[in-house]
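*Asks:* Residues per chain, in single letters:
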Amino acid sequence: AQTVTQSQPEMSVQEAETVTLSCTYDTSESDYYLFWYKQPPSRQMILVIRQEAYKQQNATENRFSVNFQKAAKSFSLKISDSQLGDAAMYFCASYLSPPQGGSEKLVFGKGTKLTVNP
Amino acid sequence: SAVISQKPSRDICQRGTSLTIQCQVDSQVTMMFWYRQQPGQSLTLIATANQGSEATYESGFVIDKFPISRPNLTFSTLTVSNMSPEDSSIYLCSVSRGSETQYFGPGTRLLVL
Numbered sequence: 001a002q003t004v005t006q007s008q009p010e011m012s013v014q015e016a017e018t019v020t021l022s023c024t025y026d027t028s029e030s031d032y033y034l035f036w037y038k039q040p041p042s043r044q045m046i047l048v049i050r051q052e053a054y055k056q057q058n059a060t061e062n063r064f065s066v067n068f069q070k071a072a073k074s075f076s077l078k079i080s081d082s083q084l085g086d087a088a089m090y091f092c093a094s095y096l097s098p099p100q101g102g103s104e105k106l107v108f109g110k111g112t113k114l115t116v117n118p
Numbered sequence: 119s120a121v122i123s124q125k126p127s128r129d130i131c132q133r134g135t136s137l138t139i140q141c142q143v144d145s146q147v148t149m150m151f152w153y154r155q156q157p158g159q160s161l162t163l164i165a166t167a168n169q170g171s172e173a174t175y176e177s178g179f180v181i182d183k184f185p186i187s188r189p190n191l192t193f194s195t196l197t198v199s200n201m202s203p204e205d206s207s208i209y210l211c212s213v214s215r216g217s218e219t220q221y222f223g224p225g226t227r228l229l230v231l
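Residue numbers (the working numbering), protein chains in the order written: chain H, 1 to 118; chain X, 119 to 231.
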């Protein structure tokens, strides 16, 4: 079974500082994708960044980057130069190519609540 | 990405009644999904809405409780039937264009009294 674990229920960071959110996952597959989504109080789920498992290079999107350690099944999100607007719930998710006849789905971790202090 | 709207954005309902939630996308998409997010929890997939055929439900979710329609490639509905307070959640629609990346609608916040 596919599982995603976020061990930090809450994190806080000072504005302009850097914070890292942790995520580990468990899969026996070699072909999969990993995502970080952000859910602000407005509750809209916003895609932050994605990583293909077959790519060794860590994905980067502006101030957001990941540290993808495939052997350790670890997928952490680093937010640089934190801004007040980064305050939100952050969910790590994994996607497996469905088996024949199976359904596609994302499996989500429980989330990390990030607070940004001015 | 895609522009996704959901109606209603929120509702308060009486137990025993039903509510239909609409999801509209600004362009054709291959896949549409419905998720539930219970208070303070993560997202759980309810079902995949298949165009022109019955939805595919995940374990623990049944068609009688959560009937889904998908009449075309840009629209889907989820009905929460015979509601109880345990159905109070955020219901989210997501879409993908045949890839692994899903984009989410703004969600519908449901409170059942």
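Do not take every clue at face value.
Below 27 Å or equal to it, Euclidean Cα-Cα: the simulated DSSO-like pairs (lysine-lysine) are [said to hold, decoys possible]:
id : chain 1 : residue 1 : chain 2 : residue 2
1  : H       : K55       : H       : K110
2  : X       : K125      : H       : K110
3  : X       : K183      : H       : K110
4  : H       : K110      : H       : K70
5  : H       : K73       : H       : K110
6  : X       : K183      : X       : K125
No wet-lab data here; the hints were simulated from the structure. Remember, predicted model here, so these are calculated numbers, not experimental data.
*Asks:* Indicate, hint by hint, whether the structure satisfies it.
*Replies:* Each hint tested on the structure:
1. A C-alpha spacing of about 26 Å is found between K55(H) and K110(H), which places the hinted pair at or below 27 Å, so the restraint holds.
2. This hinted pair checks out: K125(X) and K110(H) have alpha carbons roughly 26 Å apart, not beyond 27 Å.
3. Restraint check: the Cα-Cα separation between K183(X) and K110(H) comes to about 25 Å, which is no more than 27 Å; the hinted pair holds.
4. With a C-alpha separation of about 21 Å, the suggested pair K110(H) and K70(H) falls inside the 27 Å cut-off, and the hint holds.
5. Between K73(H) and K110(H) the alpha-carbon distance is near 17 Å, which keeps this suggested pair within the 27 Å criterion.
6. The straight-line distance between the Cα atoms of K183(X) and K125(X) is roughly 19 Å, inside the 27 Å bound, and the hint therefore holds.
Checked against the numbered hints listed earlier, the structure breaks none of them; every hint is satisfied.
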